[in-house]
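For the sequence shown, this note's numbering begins at 1 and goes up steadily by one.
What the hints contain is simulated information worked out from the structure, not anything from laboratory work.
Keep in mind that this is a model prediction, so the values were computed, not measured.
Cβ coordinates follow ideal geometry from the N, Cα and C atoms, glycine included.
Hints may contain errors.
[To be verified] List time: in silico DSS-like cross-link candidates among lysine-lysine, alpha-carbon distance up to 30 Å: (1) K184 with K141; (2) K101 with K141; (3) K86 with K119; (4) K141 with K119; (5) K31 with K86; (6) K86 with K141; (7) K101 with K119; (8) K31 with K101; (9) K119 with K31; (10) K31 with K141.
[Unchecked claim] Quick list of simulated restraints, FRET-style, between CB atoms: (11) E159 with A228: 36 to 44 Å; (12) H39 with Q102: 26 to 34 Å; (13) S144 with A27: 37 to 45 Å; (14) T212 with E54: 40 to 48 Å; (15) Q142 with E99: 21 to 29 Å.
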Amino acid sequence: MLTDSHCHLADPALAGRLPEILSNARAEGVKRFIVPAAHAGDFDSVCRLHRPPECYGAIGLHPWFAEQFSSQLLDQSAALLQTHPKLLAGEIGLDYYGERKQTRAAQQTALLAQLELAKQYRRPVILHHVRAAADTVAALKQTSFHCGGIAHGFSGSLEEAHALIGCGLFIGIGTLALNPNARKVRTAAAQLPLEHLVLETDSPFMVPAGETENTPANVRRVAETVAALRGISWQEVAAATERNIGRLLAF
């Protein structure tokens, strides 16, 4: 079995044909899904998809929408975490790419508050981090966050990966690894201990080069790519990453 540890099944690009999307994924051995929200408008649809042990939702405010953060949103998130015992926290984090760095202060405020909330309810987090690994680690340390989670869509250096692992996070290897020119993520996939890796697609986003869509079925290709980079079978990658997902979800 494989798990897509980050797929936006509530996004309109996938939600309208969900039976087909899930059927295709299962045909490739992908039978478990973690579905993060991006903003409050996603919360209801993510919670409707939340059906453990097959599908786990994650509630949070993506850093792109940090300026929407409010005490009311935090209260709404808290109520959902209390209602749904196996709901994760996310997608939260920091994104300093391009013009988004102009909202850095708002992003940091939203992240710190949401980490505190996740800590209160003892939930793992799904962390978005783009050109912000050092500040992400600093936020985890500032809040003494120790509930685990995933550094999703990893594309940084081995040094950054080890810092995130040191904070109790798994490293999410996604479809970027399918690109032979994505040297950093492929190095991470090849060299980091398997006990720290999980697999993802970030579908419908992060469409592989030369293709027209990305769906959870591509987790199988990510597993095969990681296996080829390490010189082992994809089944070994699947077994190891599934053990890691089991540890992540044992809260």
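A quick look at each hint next to the structure:
1. K184 with K141: With Cα atoms ~25 Å apart, K184 and K141 stay inside 30 Å; holds.
2. K101 with K141: At roughly 21 Å apart (the allowed maximum being 30 Å), K141 and K101 satisfy the hint.
3. K86 with K119: Answer holds: K86 to K119 is near 14 Å, not above 30 Å.
4. K141 with K119: Judged against 30 Å, a Cα distance of about 12 Å means the pair holds.
5. K31 with K86: holds, 17 Å
6. K86 with K141: holds, 24 Å
7. K101 with K119: Satisfied, since the Cα-Cα distance of roughly 26 Å is no more than 30 Å.
8. K31 with K101: violated, 37 Å
9. K119 with K31: holds, 28 Å
10. K31 with K141: violated, 34 Å
11. E159 with A228: 36 to 44 Å: For A228 against E159, whose Cβ atoms are near 24 Å apart, the range 36 to 44 Å is violated.
12. H39 with Q102: 26 to 34 Å: violated, 18 Å
13. S144 with A27: 37 to 45 Å: holds, 43 Å
14. T212 with E54: 40 to 48 Å: Distance hint for T212, E54 is violated at roughly 27 Å.
15. Q142 with E99: 21 to 29 Å: holds, 26 Å
Of the hints listed earlier, those the structure fails to meet are numbers 8, 10, 11, 12 and 14, in rising order.
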